[in-house]
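Please put together the full structure from these sequences, using the hints given.
Protein chains: 2
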Amino acid sequence: MIRRKTIHESEFDLIAHYFAPLAEKHSPAFGLTDDAAVLTPPEGQALVFTKDALVADVHFLSHDPAHLIAQKALRVNLSDLAAMGASPIGYLLALALPQQMTAREAWVKQFVRGLAEDQALFGCRLLGGDTVSTTGPLTLSITAVGAVTPGRALRRNGAKAGDDIYVSGTLGDSALGLKFLRHEITPDNDYLINRYHLPQPRLELGQKLFGLVSATMDISDGLAGDIRHICQLSGLGASMKAELLPVSSEAGKILESFPRYKKLIWNGGDDYELLFTAPVQDRDQIQSLARDMSLPLTRIGQMTAAPEIAIWNETGDNLLSDDQGFRHF
Amino acid sequence: MIRRKTIHESEFDLIAHYFAPLAEKHSPAFGLTDDAAVLTPPEGQALVFTKDALVADVHFLSHDPAHLIAQKALRVNLSDLAAMGASPIGYLLALALPQQMTAREAWVKQFVRGLAEDQALFGCRLLGGDTVSTTGPLTLSITAVGAVTPGRALRRNGAKAGDDIYVSGTLGDSALGLKFLRHEITPDNDYLINRYHLPQPRLELGQKLFGLVSATMDISDGLAGDIRHICQLSGLGASMKAELLPVSSEAGKILESFPRYKKLIWNGGDDYELLFTAPVQDRDQIQSLARDMSLPLTRIGQMTAAPEIAIWNETGDNLLSDDQGFRHF
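Protein chains in written order, with UniProt numbering: chain A, 1 to 329; chain B, 1 to 329.
None of these hints come from the bench; they were simulated from the model. Hints are supplied without guarantee of correctness; some may be wrong.
Said to hold, decoys possible - For the chain A half of the interface with chain B, some residues (derived, Cβ under 7 Å), not all of them: (1) D130; (2) G136; (3) P137; (4) R228; (5) S321.
Just so you know, even glycine gets a beta-carbon here, dropped at the ideal spot from N, CA and C.
Now the structure itself:
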């Protein structure tokens, strides 16, 4: 018979037992005992919602440590809140565990440990969720809830021709980290692997960008693909320089030995850095913000009236023009 | 390379194209163009959140029509809002589509049609979401968002010994409907199949129960399993009578021919009716509410100080005592 709970029910109770401490006993989530959580937004704040789904061996490796899978799933969603300038409040979790999974209880325990650590780090808590079994791969979906002052949410749609284009942090680390995890590069580089496992949602940065920027989003699919969204919404193009794209010293060393992986800088994805545009007159304030936060905010190009997206190399070629994975619009 | 989007990117754009009309162009979801939705709760209201995940061939049949899968997924979540006494505002959707799925575009189109119909029926809209591909079965997760006056959310934890136990509507229809869909009973009974495909979230009832009831939840796993939650939270038991359990005339006719399926009334699940407890003095008001709503609200037993859960048959046997799937606590 098709039933909600095909894993033995007592095991579901056990899972609930592990998850309950992630919620508080009183409102909003009532220790997960009720059908739903009740949340009153902070005084004068609007709520922000985002939802990302992750599938094993598509968005993470199924043998990744459980606590890191949990943290990546949460942080990917927190990165969306960061891109809106919101501060996190909590999250709901749907977890589909493979029927054939071994050592499920130990896995769940580690998974919950990862969430508990990140709840403390980012100031949020579990608001509710659902655990089911699946004949397919481990699948997770998180809905993150944050707060923002009404009218101060950062949007993707305000870029103007001539605006500068910026990215936070460095690009390509995560995609290179995955090359190590897939044994395509050896020996392991812990810094880059860690960047793949543990994205840093730029929450503080997002909360400080209001008033300085014209458009903001987070980079999940790679700079080249993601800037297309900003361009489409404003009817503009983007002209960027490859030599300006920020690369960590660790990634730089690897790319010297493996130059064929250079394009991971702009199309590797999983960066979870903020991509934003800002008027030229904000340059000083943005660099001052970068210094205050000790976080590189690198100017990589400009928005253009011509609706073409280009990353120019030093010999004047558009690196995106021969990129099969990339489409002009 | 492991990437967020393993279905061809242009197909994802197409999917976004179908989903966009389910969201409004302006706040909260900005036509799905941004990283997150921004929602200001109705004046003086708290927000209610719930999340349910559904996996093909666990929670629905993979060959069920796409619009019915969409509607069931949404309604299962709206049922949780109903159990809290909340009114729906919107929902976020994560959809994992099988890589091998054929006619994906046509399927998505029908899926979206189902959502659009139910959005109009229940007064809610798409707030955001994510579409990914999976090597496993079709998997969905919906997070529903509703509103409730602070302090007026219905809870599971307030039952007192001596309180009456009620259920709305009729039980077992959906589980019998599934027997037809699985060809365990023939010929098809459209009423019962429809009850399986299209649960009726008791939103209006939930909004009218505040002040009358001591505990409320919705029945998703079956009466016998779900009342356990109310009993556990109040440290009480429940004494119910099999002859009082409400059964539709359609289900009654089938059960005469197939008496072995009688236990689906209390352990079939997928009913999505409300289960609630109320003090004896509220009986008249509850029956008056039932008449006003033209919805049966049937008194099926009482909460007891002894922490045993029983459904008594006419010869005085507890039908749950030999039920392997049921555990006392």
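Quick rundown of the hints versus the structure:
1. D130: A/D130 check passes; min Cβ-Cβ to chain B is 5 Å, inside 7 Å.
2. G136: Holds - the Cβ of A/G136 comes within 7 Å of chain B, reaching about 1 Å at its closest.
3. P137: Cβ of A/P137 sits 5 Å from chain B, so the hint holds.
4. R228: Nearest chain B Cβ about 10 Å off; hint violated.
5. S321: violated, 17 Å
Hints 4, 5, counting from the list given before, are not met by this structure.
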